[in-house]
Every structure is written in C-alpha cells, then in structure tokens.
Amino acid sequence: MQRHLDQELAELRAEILRMGTLVEEQIAGSIQALVDRNVDLASRIIERDTQVNRLDVDVDERCIQLLALQAPTARDLRFVTTAMKISTELERMSDLAENICERVIELNEEPQLKPYIDIPRMADWAMRMVRECLDAFVRSDTAMARKVCADDDVVDDWTHQLFRELLSFMIENPGTISRAIRLTFIGKYIERIADHATNISELVIYMVEGKIVRHITPPAS
Amino acid sequence: MTAIADTQDALKAAAKDLSFYYGPVQALKSVSLGLAERRATALIGPSGCGKTTFLRCLNRMHDLYPGNRYEGQLLLYPDQINLISPEVDPIAIRMRVGMVFQKPNPFPKSIYENVAYGVRIRGISQRQELDRIVEHALRDAALWPDIKDRLHSPAFNLSGGQQQRLCIARALATGPEMLLFDEPTSALDPTATARIEELVTALKEKVTIVIVTHNMQQAARVSDYTAFMYEGRLIEHDRTAKMFTNPSNSLTEDYVTGRFG
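First to last, the protein sequences are chains B and L. Residues 64 to 284 in this note's numbering are what the first sequence spells out, letter by letter. Residues 39 to 299 in this note's numbering are what the second sequence spells out, letter by letter.
Treat the hints as calculated values from the structure; they're not laboratory data. Glycine residues also receive a C-beta, built at the ideal position from the N, C-alpha and C atoms. Warning: the hint list may mix true and false statements.
[Stated by the list, open to error] A few chain B residues facing chain L, derived, Cβ under 10 Å: (1) R66; (2) L68; (3) A91; (4) Q133; (5) A134; (6) P135; (7) T136; (8) R138; (9) D139; (10) L140; (11) R141; (12) E165; (13) G273; (14) K274.
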C-alpha cells in the first residue's frame with residue numbers, strides 16, 4: 064500500500080541530502096581557503112553557514128509536524144527521529160567549517176608557518192567519512208556506517224601527530240605560537256567533524272537495526 | 039511458566055496452543071500467549087484476525103452459541119484452572135473476568151441497580167453492604183462525582199461516555215481479577231475516550247486488563263504489552279514500547295506502520 068506518509072518521508076530524506084551536500088561544500092571550501100590563503104573564500108563560507116542553519120530549522124519543523132500529524136511508528140518513527148538528529152550533527156559540522164574559516168582569516172595576518180601537508184590529508188579523510196555516513200543513511204547501509212565509525216580512529220591519530228609537530232614548533236620558536244595554536248585548533252575542528260560523521264553513522268545503525276550503539280566502542284555488530 | 043519472559047511480571051493468564059472453532063471455521067490457530075498480572079495487554083490486528091475471539095475465550099462468551107469448540111488450554115492464575123474446560127462454570131468465571139463492550143450496554147434499570155446487579159447474583163443482599171460496594175465501584179470507575187446525587191435515575195439518562203463508565207463500574211462491582219475491553223471507546227467522542235483511557239491506566243493497579251482496539255495510538259498509550267494477531271495466529275507479543283519502535287516481525291512492522299490492514 065502506497066501511503067501519503069511515504070511521500071513525506073521521501074521529501075525529508077531529500078532535504079537531509081540537500082543539507083549534507085551543502086555541508087560537504089562548506090568543509091571542502093574551508094580547507095581550500097586555508098591552503099590557498101584565500102580570505103574572500105573564507106568570508107563567503109562564513110556567510111553561507113546561515114543557509115545550513117535555515118535547513119536545520121526546516122528539517123526540525125518538518126519532523127515535528129510529521130510526528131504530530133502522522134504519528135509514525137516503528138521504522139518510520141526511527142527514520143524521523145534519526146533525521147532530526149542528523150540535521151543537528153550536520154549543522155554542527157557547518158559551524159566547524161565556519162570556525163576553520165575564522166582561523167584562516169586570522170592566520171592570513173602572518174606569513175604561512177609551514178607547508179600544509181597533513182591538514183589537507185586529514186580533512187580529505189574526514190570529508191570521505193561525511194560522504195560515506197550520508198551514503199549509509201540514504202541506502203540504510205549499516206556495513207558502511209560501521210566502517211565510518213572505525214575510520215574515526217585514523218583522524219584521532221592524525222590530530223595527535225599534528226599537535227606534537229606544532230608543539231615542537233612552539234618550543235623551538237615562541238614567535239610561532241599564535242599560528243601554531245590556530246593550526247592546532249583547525250586540526251581539532253577537523254577531528255570534531257569526523258566525530259559528527261561517526262555520530263551520524265551510529266544514528267544510521269539505530270535507524271536500520273533499532274539498536275542504540277552510541278557510547279559503546281566499537282559499535283557492536 | 040509463571041512470568042512473562044525477560045520481565046518481572048507475573049502471569050495472570052496464559053493460553054497454551056489455544057484453538058477455537060466457530061462450527062467448521064477455525065478462528066484461532068494454536069495461540070500461545072501470556073497475559074501479565076496487573077498490566078494492560080492490547081490485542082491488535084486487522085479485522086478477522088481473531089483478537090475479539092481470543093478476548094471472548096477469556097470469559098467464556100462463546101458458550102452462549104452452540105457449535106463453538108475450544109482446543110488447548112487457557113489457564114487462569116494463581117489457581118491454574120483451565121478456563122475453557124467444560125467442568126468450569128462460565129458464570130463463576132465471569133465473576134472473576136469481567137467484560138466491557140464496544141457500545142455501552144447498561145441494563146434498563148437505575149444507575150444503582152446496574153452496578154448492584156452482579157453483586158446480588160453473588161448472594162450479597164444486605165443494603166449497607168450493597169451501598170458500600172456500589173459506591174466503591176462507581177468511584178473506581180471515576181463516575182461517582184457525576185452521579186452521586188441521582189443514583190436512582192435511569193442509566194439511559196447518562197451520556198455515552200458516562201454509560202461506558204457505568205458498564206466499567208458494573209464489571210468492577212463483583213471484584214474481578216481481570217477486565218476485558220472490546221474496543222471500549224469506538225463509540226465515544228475524544229473527551230470520553232480520553233477519560234476511559236485514563237481509567238484503564240488507573241485500574242491497572244488493581245486488575246489485569248486486556249483490551250482489543252483498532253486504534254493503534256490507543257494501544258500505544260494504554261498498554262504495557264501488545265500482541266499482534268493475524269489470520270487467527272499470534273504473530274508477535276512484546277512490550278508495547280518495543281512493538282511500536284522496533285518490532286521483531288516484519289508483518290508486525292507493516293501493520294503498525296499502516297502498510298497493510
């Protein structure tokens with residue numbers, strides 16, 4: 064039986080994906096702005112965060128309305144509550160991209176401290192996690208979701224490595240401290256983006272299997 | 039088996055391979071289902087799935103028609119009598135297992151006499167004792183404040199929701215251990231429905247409740263356990279919260295999400 068609810072759930076899914084695509088562009092743009100030392104790009108990305116915020120509110124309103132009017136149950140209910148939470152995770156990712164851009168603008172007031180090698184690699188890895196967690200959501204693919212959760216460890220290791228490297232700069236030359244700290248922040252932001260991708264993956268596992276795997280490491284299979 | 043699996047809840051009744059036939063037609067197919075004591079169990083499923091048939095087995099309503107036949111066991115705890123055994127007196131069973139029907143069906147008598155009726159059959163005729171039991175039952179049914187000044191006016195003067203609460207008081211008066219509700223609110227407006235649902239929730243402290251309903255949200259709101267039946271079989275029985283968020287069986291899933299039925 065084709066239900067009216069199916070149409071509404073499809074629209075909700077499409078809206079989450081629109082939001083996801085925009086957030087991916089925000090993150091990619093923030094790293095581009097860092098590497099190219101492009102203040103204009105950084106400013107545009109900061110402005111564009113309001114679009115993500117608007118989508119977050121739209122998704123919330125749509126979900127609240129669905130819950131009130133359609134009283135979804137079982138997998139429909141899990142889909143709607145998951146969509147609501149995913150929207151929050153995506154909105155936070157966009158905030159982190161905004162934070163990266165703020166640091167980029169500050170960093171551009173001084174010469175570049177060092178060539179950026181690890182940060183773009185880390186960011187690529189985190190962005191792949193974001194793409195894959197959204198794919199897992201669309202396809203209800205829990206194998207993919209579990210892979211994303213496992214991938215998070217790599218980003219954590221990278222963050223520590225980056226911190227150690229920047230620390231040596233700071234010890235060697237206190238004149239680098241303000242830049243090194245800002246780059247450490249950026250590393251931390253990327254690590255947080257990967258954490259949000261992990262959260263989304265855990266939500267997808269709940270949506271598909273009805274099992275809550277948050278706050279359990281590693282996610283039970 | 040004296041408790042519901044994975045819970046602390048004791049059993050009040052249990053069907054074991056219960057089958058039921060309306061003449062040649064088999065309406066229940068080997069149903070095994072435990073009903074938790076002083077909890078509400080909702081029976082859900084599409085029309086013709088056997089939920090009302092199952093409910094009516096619990097107080098031997100089927101005995102009123104010839105040609106009906108039971109198989110298997112339907113035990114009532116703690117004494118473990120088999121409710122459907124021919125040696126068990128259906129009248130005695132109906133004192134212990136009361137029933138509230140879809141449409142309010144008060145007797146064409148006064149409010150007082152409706153409630154006192156079953157108590158008199160039980161052999162209690164002393165006025166003071168009758169008064170006490172009637173008041174108590176009407177209080178438990180949340181009807182007392184509405185009618186305490188007109189106990190002797192005709193029951194038919196009450197509104198639909200009040201009549202239904204009167205029927206609940208009538209069922210409570212004999213001190214039953216279990217109350218059966220067969221779509222008790224399908225003839226009532228939303229306000230009267232809400233009052234009945236509140237009442238069901240309150241009554242759980244005293245009696246075991248089994249409720250048949252077509253209203254999924256009602257099942258979700260009032261019951262602790264939900265049993266989903268389909269084509270005379272029990273498909274799934276679990277805590278209501280589980281049944282409505284993450285049922286184990288795909289048929290249950292399709293039914294509670296409105297994909298069929």
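Here is what the structure says about each hint:
Interface hint status for R66 (chain B): upheld, as the beta-carbon distance to the closest one in chain L is roughly 6 Å, under 10 Å. Hint status for L68 (chain B) relative to chain L: holds, with the closest Cβ pair at about 7 Å, below 10 Å. With its C-beta approaching chain L no nearer than about 36 Å, A91 (chain B) sits outside the 10 Å limit, and its interface hint is violated. Satisfaction of the interface hint for Q133 (chain B) is found here, the shortest Cβ-Cβ separation to chain L being roughly 9 Å, below the 10 Å cut-off.
For the restraint placing A134 (chain B) at the interface with chain L, the shortest Cβ-Cβ distance is roughly 6 Å, inside the 10 Å limit, so the hint holds. At about 7 Å, the closest approach between the beta carbon of P135 (chain B) and any beta carbon in chain L falls short of 10 Å, and the interface hint on this residue holds. Residue-level restraint check for T136 (chain B) holds (minimum Cβ-Cβ distance to chain L is 5 Å; threshold 10 Å). Given the 10 Å rule on beta carbons, the hint for R138 (chain B) holds: about 6 Å separates it from the nearest Cβ of chain L.
Hint on D139 (chain B) holds. Least Cβ distance to chain L is approximately 5 Å, under the 10 Å limit. Taken as an interface hint, L140 (chain B) checks out: its beta carbon lies about 6 Å from the nearest beta carbon of chain L, inside 10 Å. Hint status for R141 (chain B) relative to chain L: holds, with the closest Cβ pair at about 7 Å, below 10 Å. The restraint placing E165 (chain B) at the interface with chain L is violated, with a minimum CB-CB distance near 41 Å, outside the 10 Å limit.
With its C-beta approaching chain L no nearer than about 3 Å, G273 (chain B) sits inside the 10 Å limit, and its interface hint holds. Look at K274 (chain B): its Cβ gets to within about 8 Å of chain L, closer than 10 Å, so that hint holds up.
Comparing the model with each numbered hint stated earlier shows that hints 3 and 12 do not hold.
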